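Visitor: Sequence:
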Amino acid sequence: MRFKLLLSMLLVAFLGKQDTLPEGFVYAKTIIPDLEVELRYYSVNNFVGDTIAGYHANTLILTQKTVQALKLVQQELQEQNLCLKVFDGYRPQRAVNHFMAWAKDLNDTINKQQFYPEVQKQHLFREEYIATRSGHSRGSTVDLTIIDGNTGEDLDMGSPYDFFGKPSWVHYEKLTPEQQQNRQLLQRLMLKHGFRNYTREWWHFTLKDEPFPKTYFDFEIR
-10 MRFKLLLSML
0 LVAFLGKQDT
10 LPEGFVYAKT
20 IIPDLEVELR
30 YYSVNNFVGD
40 TIAGYHANTL
50 ILTQKTVQAL
60 KLVQQELQEQ
70 NLCLKVFDGY
80 RPQRAVNHFM
90 AWAKDLNDTI
100 NKQQFYPEVQ
110 KQHLFREEYI
120 ATRSGHSRGS
130 TVDLTIIDGN
140 TGEDLDMGSP
150 YDFFGKPSWV
160 HYEKLTPEQQ
170 QNRQLLQRLM
180 LKHGFRNYTR
190 EWWHFTLKDE
200 PFPKTYFDFE
210 IR
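Per the numbering used here, the very first residue in the sequence shown carries number -10; after that it's consecutive.
Please keep in mind that the hints were generated in silico from the structure rather than gathered at the bench.
Since this is a predicted model, take the numbers as computed values, not measurements.
There's no promise every hint is true.
What the hints assert, rightly or not - Pairs of lysine-lysine, DSSO-like flavour, derived with a Cα cap of 27 Å:
no.	residue 1	residue 2
1	K163	K74
2	K181	K155
3	K60	K101
4	K197	K60
5	K54	K163
6	K54	K74
7	K60	K163
8	K93	K110
9	K163	K101
10	K197	K18
11	K155	K18
12	K18	K74
13	K181	K163
14	K181	K54
15	K181	K203
16	K54	K101
17	K60	K74
18	K18	K163
19	K54	K93
20	K197	K110
21	K74	K181
22	K181	K197
23	K18	K181
24	K54	K155
25	K18	K54
26	K155	K110
27	K93	K74
28	K93	K18
29	K110	K60
30	K155	K74
Unchecked claim - Ranges between beta-carbon positions, derived for each pair:
no.	residue 1	residue 2	range
31	P202	E68	26 to 34 Å
32	E68	Q169	20 to 28 Å
33	L95	K203	28 to 36 Å
34	K203	I20	18 to 26 Å
35	G154	D94	29 to 37 Å
A virtual CB, placed ideally from N, CA and C, is assigned to each residue, including glycine.
Please work from the sequences and hints to get the whole structure.
Guide: Okay, structure coming up:
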């Protein structure tokens, strides 16, 4: 009887530990309940074509400071009947390792036409589309877009999320006026509320005052 009780207590303690995030991290939707989340690396709709290591749920995790800043962006967008949609936030280091292993397998090009039609796979490291470390693993980098509050449709940004090529550069010149306006709106609001952008990816932003600038985490997303 005592053995069963002890085993039960250990199991509860273990499960509780598994659900505990590192200090400073939060589940984003506990602070922004109406945030749209579509973690692409939890799906097969990504450049690898498979669910990525460490992604076990469509659950957005970020540092609390990042979510508080995103909440301000969301509030401004909602005044225009628009909302944020997040494709990726915190990314375990094991996911980055998965990308690295995939990039070295030059025969695996199943989604080349959709995500990197003009870039040779052996050049993904050189072109800085794949790296050994990612700001996402520090917990304060987020990939996102804007959606229509009525339809839920993504605004036209001129290129798909995670497209490797010049059309994804923030200041790409061959955009329609509508696409330029949509990108400018996203850039303006994110920079206004404390983020810095990455000029080669219109969707990629990092909190300027990130709390863990030199720490790369590897806990799993559940």
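Visitor: Compare the structure with each hint and give your call.
Guide: Verification of the supplied hints:
no., hint, result
1, K163 x K74, "holds, 24 Å"
2, K181 x K155, "holds, 25 Å"
3, K60 x K101, "violated, 35 Å"
4, K197 x K60, "holds, 16 Å"
5, K54 x K163, "violated, 35 Å"
6, K54 x K74, "holds, 18 Å"
7, K60 x K163, "violated, 31 Å"
8, K93 x K110, "holds, 8 Å"
9, K163 x K101, "holds, 22 Å"
10, K197 x K18, "holds, 22 Å"
11, K155 x K18, "violated, 33 Å"
12, K18 x K74, "holds, 12 Å"
13, K181 x K163, "holds, 25 Å"
14, K181 x K54, "holds, 15 Å"
15, K181 x K203, "holds, 24 Å"
16, K54 x K101, "violated, 36 Å"
17, K60 x K74, "holds, 12 Å"
18, K18 x K163, "violated, 36 Å"
19, K54 x K93, "violated, 35 Å"
20, K197 x K110, "violated, 31 Å"
21, K74 x K181, "holds, 18 Å"
22, K181 x K197, "holds, 11 Å"
23, K18 x K181, "holds, 22 Å"
24, K54 x K155, "violated, 31 Å"
25, K18 x K54, "holds, 14 Å"
26, K155 x K110, "holds, 16 Å"
27, K93 x K74, "violated, 31 Å"
28, K93 x K18, "violated, 35 Å"
29, K110 x K60, "violated, 37 Å"
30, K155 x K74, "holds, 22 Å"
31, P202 x E68: 26 to 34 Å, "holds, 32 Å"
32, E68 x Q169: 20 to 28 Å, "holds, 21 Å"
33, L95 x K203: 28 to 36 Å, "holds, 33 Å"
34, K203 x I20: 18 to 26 Å, "holds, 25 Å"
35, G154 x D94: 29 to 37 Å, "violated, 21 Å"
Violation of the numbered hints given earlier is confined to hints 3, 5, 7, 11, 16, 18, 19, 20, 24, 27, 28, 29 and 35; the remaining hints are satisfied by the structure.
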